[in-house]
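Chains as they are written, first to last, in the numbering used here: chain A, 1 to 348; chain B, 1001 to 1338.
I should point out that these hints are in silico values taken from the structure, not numbers from a laboratory. From a predicted model like this one, the values you see are computed outputs, not experimental measurements. Mixed in with the good hints there might be a few duds.
[Unchecked claim] As a list, the in silico EDC-like pairs of lysine to aspartate or glutamate whose alpha-carbon atoms are at most 20 Å apart:
| hint | chain 1 | residue 1 | chain 2 | residue 2 |
| --- | --- | --- | --- | --- |
| 1 | B | K1039 | B | E1029 |
| 2 | A | K185 | B | D1303 |
| 3 | B | K1100 | A | E322 |
| 4 | A | K185 | B | D1185 |
| 5 | A | K56 | A | E321 |
| 6 | A | K44 | A | D286 |
[Claimed, not checked] Here are some, though not all, of the chain B residues that point toward chain A, as calculated from beta-carbon distances under 10 Å:
| hint | residue |
| --- | --- |
| 7 | G1033 |
| 8 | A1034 |
| 9 | G1065 |
| 10 | I1111 |
| 11 | A1152 |
| 12 | I1276 |
| 13 | P1314 |
| 14 | V1317 |
[Claimed, not checked] Label pairs and their in silico Cβ distance ranges:
| hint | chain 1 | residue 1 | chain 2 | residue 2 | range |
| --- | --- | --- | --- | --- | --- |
| 15 | B | D1055 | A | G155 | 53 to 61 Å |
| 16 | B | E1187 | A | L331 | 53 to 61 Å |
| 17 | A | N53 | B | E1187 | 39 to 47 Å |
| 18 | B | R1199 | A | Q78 | 43 to 51 Å |
| 19 | A | Y273 | B | A1034 | 44 to 52 Å |
| 20 | B | A1088 | A | D341 | 52 to 60 Å |
Ideal placement from N, C-alpha and C gives every residue a C-beta, glycine not left out.
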Amino acid sequence: MSTTSPPQAAIRPSGETAANPGVISGGARLALYRLLVALRYTEKRAYDLFLQNLIKGTSHLALGQEAVAAGFGLAMEQGDYTFCTYRGHHHTLARGAPMRGVLGELMGRQCGLLGGKGGSMHLTSVEHGVMGSYAIVGGHLPIAVGAAWSAQYRGTRQVAVAFFGDGTTNIGAFHESLNLAATWKLPVVFVCENNLYMEYTPIHMVTPVDNPAADRASAYGLPSIIVDGNDADAVYLVALAALKRAREGGGPSLIECKTYRHSGHSRADPAKYRPPGELEAWMERDPVPMYRQRLLGLGIAEQEIAAIEREELSNVDRATEEAKASPPPELKSAFTDVWADGSAGWRN
Amino acid sequence: MAELSYRDAVAAGIAQEMARDDRVVFLGEDIAGAGGVFKATVGLLDRFGPLRVRDTPISELAILGAAMGAAMTGLRPIAEIMFSDFLACCWDYVANEISKTRYMTNGQVNIPLVIRTANGAGSRFGAQHSQSVENWAMAIPGIKVVAPSTPADVKGLLAAAVRDPDPVLFFEHKSLYSMKGEVPDGEHFEPLGTAKILRRGDDITIVALAAMVPRALQAAEILQAQHGISASVIDLRSLVPLDTKTVLAEVSRTGRLFTVEENPRLCGWGAEISSIVTEECFYDLDQPVVRITTPHIPLPAADALEDAVVPSVPRIVEEIMRAADFRADSRSGGARGL
């Protein structure tokens, strides 16, 4: 399998795997575009703030992978659970968590989603259904299974969705999670964002199958689902179908989204291992301009599109200023919330 | 009061909490149909049904991860890890996920769950099925660590663990499962973080945990009968939270501290007790603190070898006699130099 060009041939036509593809409404398309733009602008802003040394530590940008987050973000219902990885800014925002809280957390400010105690790799906003970002590869998949088990037990029709990278498909937690979820028929959707690289290493060099997630599905009695992860419409339709199946008691789904990471693995990685031309080929299929073109093709006015872009840019600008203005956390907060009573005590 | 075995007290404790609160669910390997490999969970499936008492595949990551996800979303799971040695297979959940997520999320989630596990030596199972690993857990901020020594405490502390809003690692001792003891009738609850003084003496304080508690008590009887040494024996019961008040008060009164630990020597829980005592009541000490532990070796399987390395009653007596310098200033005046 070549990793140097977008694997269009491997991708089924959009929506083929959706049980009921229907027609995506104009409102939904505008909502998808708004999400794409908001995620893109926020992530780019995070990069800029790094260059200004306003964000310390590390960060794993999802530039290029926004369509997965937007498609699922729009398809998921209030109350559904999102579990994401350390590359989780886009999924957190896609559920409605505020830009200010995300950027503030990256900057280590009081206004951060986690008050500065979690950082870039652990974004969480329970009130928006974002049950955490997990920085141990694969660590969150069993946790999402547990949330799905809880939803099944409580009879709430909630669905848990776990997003993860291609590298995760080779860790034990992935297989234990799929096995248990399929055996217990749990309402959980496993979403692999295959961006071709596990950290610095091409996934095909360390995996014996072409499609690291989808080709493993049959081992757990699940259908193999591959979707163009740069096409927000395609992701949205597949997401709707998988969520419906989960809500109706049909059990888990495993979806492999083919996508591409525009930047390196983390802040420290210039991604020099990429073959020449690969990034350029994928930039041709950048999910944000690609979707813009689609909207224009569907007859949506340029002004309407530009207004969305203007509004989201202004939202990011405002969030940035608010985060910059927010003070660093109070030092005493380092000693709170180890335990449910708010304390950090371990002795009397 | 009814006489129950330690293993029956486990089932009784779980049943008490499941009957009280339908958010309590129980999962693990062989725990439902088989009633547990140590038969500590017999009858729970019949009483509470397969939706609440669930057999899992051999998937320790999935067991603890699922328990965590369920705990974050409104349930109060009890997860069994069959042997405490297997915690190493799912240590990510203990060390990274369950213990840290509340803190990292600035208190956005609570993780009220209990991990029950069979700990300790005595079954001649060798180095991967006999370890005492409570000191591993104690080293992690964010998880409570409990290890009962009697059937009554099993039931009472299990109740407290299930009702606690924080995660609790609950170490049951394999060699105690057949021990019998009186357990209060009706609802029984023992607060976490409270040590128990089981025997009062004036010359020395022995602090012990789990299977070392009955041994420390026997050693104390021998010390009294044969050497005139009067020992206090404290059952620590909980490592986190740690009841330092009880320990410090007894050590200040007796002037001598011995810990009896089944964990291997380095960084055993007694090292922390010793450190706290040395820092906080040094001038009340009449002699250095002495730790009686399993040596720093993997546990051997043969009965002769296993018995030789885990602290035994004769060894506890011998080490105390060897280490103690009972001069005329001994506080009770009853014991004399060796």
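Within 39 to 47 Å: is that where the Cβ-Cβ distance between A:N53 and B:E1187 falls?
Check failed, 58 Å falls outside 39 to 47 Å.
Taking the beta carbons of B:R1199 and A:Q78, is their distance inside 43 to 51 Å?
58 Å, violated
A closest beta-carbon separation below 10 Å is what the hint needs, so does B:P1314 meet it against chain A?
Hint violated; B:P1314 Cβ to chain A Cβ min 33 Å, cut 10 Å.
Just to be careful: measuring from the Cβ of B:I1276 to every Cβ in chain A, is the smallest value less than 10 Å?
OK, holds: B:I1276 within 10 Å of chain A, min 8 Å.
Quick one, are A:K185 and B:D1303 close enough, alpha carbons at most 20 Å?
Since the Cα atoms of A:K185 and B:D1303 sit roughly 45 Å apart, the hinted pair is violated (cutoff 20 Å).
Hint validity - B:V1317 Cβ closer than 10 Å to any chain A Cβ
Hint violated; B:V1317 Cβ to chain A Cβ min 30 Å, cut 10 Å.
Pair hint outcome, A:K185 versus B:D1185 [Cα-Cα no greater than 20 Å]
40 Å, violated
Using 10 Å as the Cβ threshold, decide whether B:A1034 counts as touching chain A.
Constraint on B:A1034 not satisfied, violated at 17 Å.
A:D341 and B:A1088 - C-beta distance against the hinted 52 to 60 Å:
30 Å, violated
Range first: 53 to 61 Å. Now tell me if the beta carbons of B:E1187 and A:L331 are that far apart.
43 Å, violated
Between B:D1055 and A:G155, is the Cβ distance one that fits in 53 to 61 Å?
21 Å, violated
Would you mind confirming whether the straight-line C-alpha gap from A:K56 to A:E321 stays at or under 20 Å?
17 Å, holds
Going down the numbered hints, you'll see the structure goes against 2, 3, 4, 7, 8, 11, 13, 14, 15, 16, 17, 18 and 20, while the others check out.
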